[in-house]
Each structure stands twice: as structure tokens, then as C-alpha cells.
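Fit chain B to the given chain A structure using the hints.
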Amino acid sequence: MTCSDIRNMTVPYLELDLEAERVHQVTIHLETCHACRIEMESVRQVLVKLKGRGVPDPGQRFWSEFPAQVRVGLLQARTVASWSDPLPRRSYGLWEPWWSWAAAASVIILVGAWFLVGGQLLGTSGKDLSKNSSTPKIEAINSGRGSDLPDLGETDWDRAWDEDDPEVLVDIAARLDPLTVDRLFKDI
Amino acid sequence: MEESDNQLLDRYAAGEEPAFEELVRRHQRTIYDLAYRMLENHADAADLAQRTFVQAFLHLGSFRRESSFRTWLFQIGLNLCRNAIRDRARRTHENVEDLQLPAASDTFKATAEAEVRDRLGSAIRKLPDRQREALVLRVYHNHAFAEIGAIMSCSEGTAKANYHHAVNKLRQVLVGGEGSL
Chain A
946 MTCSDIRNMT VPYLELDLEA ERVHQVTIHL ETCHACRIEM ESVRQVLVKL KGRGVPDPGQ
1006 RFWSEFPAQV RVGLLQARTV ASWSDPLPRR SYGLWEPWWS WAAAASVIIL VGAWFLVGGQ
1066 LLGTSGKDLS KNSSTPKIEA INSGRGSDLP DLGETDWDRA WDEDDPEVLV DIAARLDPLT
1126 VDRLFKDI
Chain B
4 MEESDNQLLD RYAAGEEPAF EELVRRHQRT IYDLAYRMLE NHADAADLAQ RTFVQAFLHL
64 GSFRRESSFR TWLFQIGLNL CRNAIRDRAR RTHENVEDLQ LPAASDTFKA TAEAEVRDRL
124 GSAIRKLPDR QREALVLRVY HNHAFAEIGA IMSCSEGTAK ANYHHAVNKL RQVLVGGEGS
184 L
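Protein sequence lines, in the order shown, are assigned to chains A and B.
Quick note, the first sequence lines up with residues 946 to 1133 if you use the numbering used here.
Quick note, the second sequence lines up with residues 4 to 184 if you use the numbering used here.
In short, the hints are calculated from the structure, not lab data.
Predicted model, so just to flag it, every value in this text is computed and none were measured.
Glycine included, every Cβ here is placed at the ideal spot set by N, Cα and C.
Check each hint, because a few of them may be wrong.
Straight-line C-alpha distance at most 27 angstroms; calculated DSSO-like pairs for lysine-lysine [what the hints assert, rightly or not]:
1. B:K163 to B:K129
2. B:K129 to B:K172
3. B:K172 to A:K994
4. A:K994 to B:K163
5. B:K163 to A:K996
6. A:K996 to B:K172
7. B:K129 to A:K996
8. A:K994 to B:K129
From chain A, some residues computed to sit far from chain B (all C-beta separations above 12 angstroms) [stated by the list, open to error]:
9. E966
10. W1044
11. S1051
12. A1058
13. W1059
14. G1063
In isolation and in its complexed conformation, chain A is listed as follows (with noise of 0.2 angstroms):
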């Protein structure tokens, strides 16, 4: 048995933690061996240091009060816990919680896609829109536009979708100020 064999069971020698044989062994070699001998000396003052650490006793009443102290603790545990799920898991079925916010999730969702749907025809359709609908329906459209947009209710729709008139585009303009008409055709 070499000098390295001897290192790597150094500790289980001392723990006690080797076969019969093998602490036969390691013993006949320390017998022989001074550099061997200084090194499980070492090691076993490790051990020996480690094993007197203690830790300072909190006292008595500590320990008297714990066992309470973790019931306190348990009972504010269980508290916190009911709070955030009030009710018995097993029989919620369709309305387990997690069904609860799939159902809300989707509700806003298609809530969502009706307003989107509904904008792009707004914005695309108009035409559309124009032919179905009355003076009043435009106006409404117009004033949520801005304050700062001018009122086209009067506006035919109709011929300006359909034909492209610029006459009509020009009678359209007529009814702006100087600034909106900038903003509107700027890029033409």
C-alpha cells in the first residue's frame, strides 16, 4: 500500500469507517511511515477541532417556547394559504380557478378582436358603411375623431368613393382649415 493510498483514507481510518482489513493496513503502514503519521495527525486535529465547535445554547425558555412559537407560525401558514385558495380544490369542475381565468382570458380576448375587427372596417369600408347608414351615424363617427377635426357629416360619401370626383375631393378640402388640409394631403 503507497503513501496515496494512505491519504485517501485518512478520514474513513479515523471515522472508523473501513473494512477490518483495510485498517490493518493502514495501521501496519503508519507503523513505518513518518510522513504518513504527520499527515493522519493532521487530519485527526481537523477533526478534533471541528468536533468542539459548538453552538451557544439560546437557553430554556427558547427552547420551552419554541414548540409554540411553531404553531403560531403553522397557524398563519394555514391562514395565508386559505386566503389565496379559499375554497376545496376537488370539486370544482368546469370553475376550478384555473378554468375561471381561462374563461376571462378568452371573454377579453374576443372582446379584443370584435373592436379590432370592428376598426378596420371603419377604416377600410367605409363605403360601406356610408350606404347603410345616416347623417347622424357619421356625425357620431366624426366627433369621436377629436375635437380638433372638422365636422364632414355633410359630406356624399358616396360619389367620393365611387367616382373619385376630384371636384368632390376639392369641395371636401373647401370645408377644412389651412392646417388639417396640410396634415391630410401632405404626402400627395
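The following block gives chain B in isolation, referenced to the frame of chain A:
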């Protein structure tokens, strides 16, 4: 004859409150010891020991008795210790003022100051977390390596290797000075 932990757990499950107190009393010192050796001050150790028992009883339904109740408590306690050490490191990183140790009560102040100066204590503090855990569980709680592996969620061989590395590093510090760790 003293009742086993499992018998006490059965009694507690049946609604016998004295069994709760008996279980806590039986293990409170070892869990506090573990917490103190990992966190090194009374306030944190007391808080962590309490939280260990709270978590254990709160989740008693998930304890399948494949290990002993003591081992299960150690698993919970060690996990909470890891979280506490990680939180402490993060706070220290965020705020340099937190570098100072939490104030110990007067009763423990002298001991704490002595330990800060202690070379072996300093060396233990510098050990990698896993090696320190294996060292504490082996030296101070006399766990077998298989049990240490179960508590640390690693193999028995890994637990043994961590422990041997820890002891060798501490030996180097004591023999060759602080810089060798």
C-alpha cells in the same frame, strides 16, 4: 418505550395535538443546530428552524415516509438554508451596508465575535456550499453518507467526496495557513 416519529405523526394526523409538540421538541435542537451552523447567528437560525417545522407540518401530506421524519426535516431545513444564504448574498450585492453580520443578541455577542476571529471558522465559511453542507451533516449530526446524499439530493459517493474535500481543505488551512484554502 418512546414512540417512534411515525407513531407520533399518526397521532397528530388523528387530531392529537400533544403529538405535535412532542415531534417539535424531539427535533428542535438538531434543526436549530443545523441552521446555526449554516447561518451563524441566533436570530436567523431561530427563524429558519421555526420555518422548517412550519413547512414540514404544512406539507405533511407530501411526506411519504420513504425516509425518516428527521431526514425529511433536514431536507427542508437545508433547502431553506440555501435560500437564506442566497438571499443574504443578493442583499449584500445590492447594498454594501448589508455586509455586516446581523446583530447578535448580547447573550451571543461574545461567542460570535470570537468565532469571527477563529481561523477554522473562517475557513469553514469559505468552503463551497456543498462541501460545507456535507461537513456539517457528517461532523455535527453524525449522518451516514447515504443519508447525507438523501438530504443533499446527491449520491452517496458525491456526499463522501464533498466531505473529504472539505476536511482536506481545512487541514491545509490549519497546516499551511489561510491562503491555501
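How the hints compare with the structure:
About 19 angstroms separates the Cα atoms of K163 (chain B) and K129 (chain B), which keeps this hinted pair within 27 angstroms; it holds. For a cut-off of 27 angstroms, the pair hint linking K129 (chain B) to K172 (chain B) stands: about 10 angstroms separates their Cα positions. A hinted pair counts as satisfied when its Cα atoms are at most 27 angstroms apart, and K172 (chain B) with K994 (chain A) qualifies at roughly 14 angstroms. Only pairs whose Cα atoms come within 27 angstroms are accepted, and K994 (chain A) paired with K163 (chain B) is accepted, the gap being roughly 20 angstroms.
Annotation: proposed proximity of K163 (chain B) to K996 (chain A) holds, straight-line Cα distance about 18 angstroms (limit 27 angstroms). The suggested pairing of K996 (chain A) with K172 (chain B) holds, with an alpha-carbon distance near 16 angstroms, which does not exceed 27 angstroms. With a CA separation close to 18 angstroms, the supplied pair K129 (chain B) and K996 (chain A) stays within the 27 angstroms bound. Restraint check for K994 (chain A) and K129 (chain B): satisfied, since their Cα atoms lie roughly 17 angstroms apart, inside the 27 angstroms limit.
Distance check on E966 (chain A): its Cβ is at least 20 angstroms (rounded) from any Cβ of chain B, clearing the 12 angstroms threshold; non-interface status holds. No Cβ of chain B comes within 12 angstroms of the Cβ of W1044 (chain A); the nearest lies about 24 angstroms off, and the non-interface call holds. Residue placement check: S1051 (chain A) keeps its beta carbon more than 12 angstroms from all beta carbons of chain B (closest about 33 angstroms). Here A1058 (chain A) stays apart from chain B, with its beta-carbon at least about 42 angstroms from theirs, past the 12 angstroms limit.
With a closest Cβ-Cβ approach of about 45 angstroms to chain B, W1059 (chain A) is found to remain outside the 12 angstroms limit, as its non-interface label requires. At roughly 48 angstroms from the closest C-beta of chain B, the C-beta of G1063 (chain A) stays outside 12 angstroms, upholding its exclusion from the interface.
Checked against the numbered hints listed earlier, the structure breaks none of them; every hint is satisfied.
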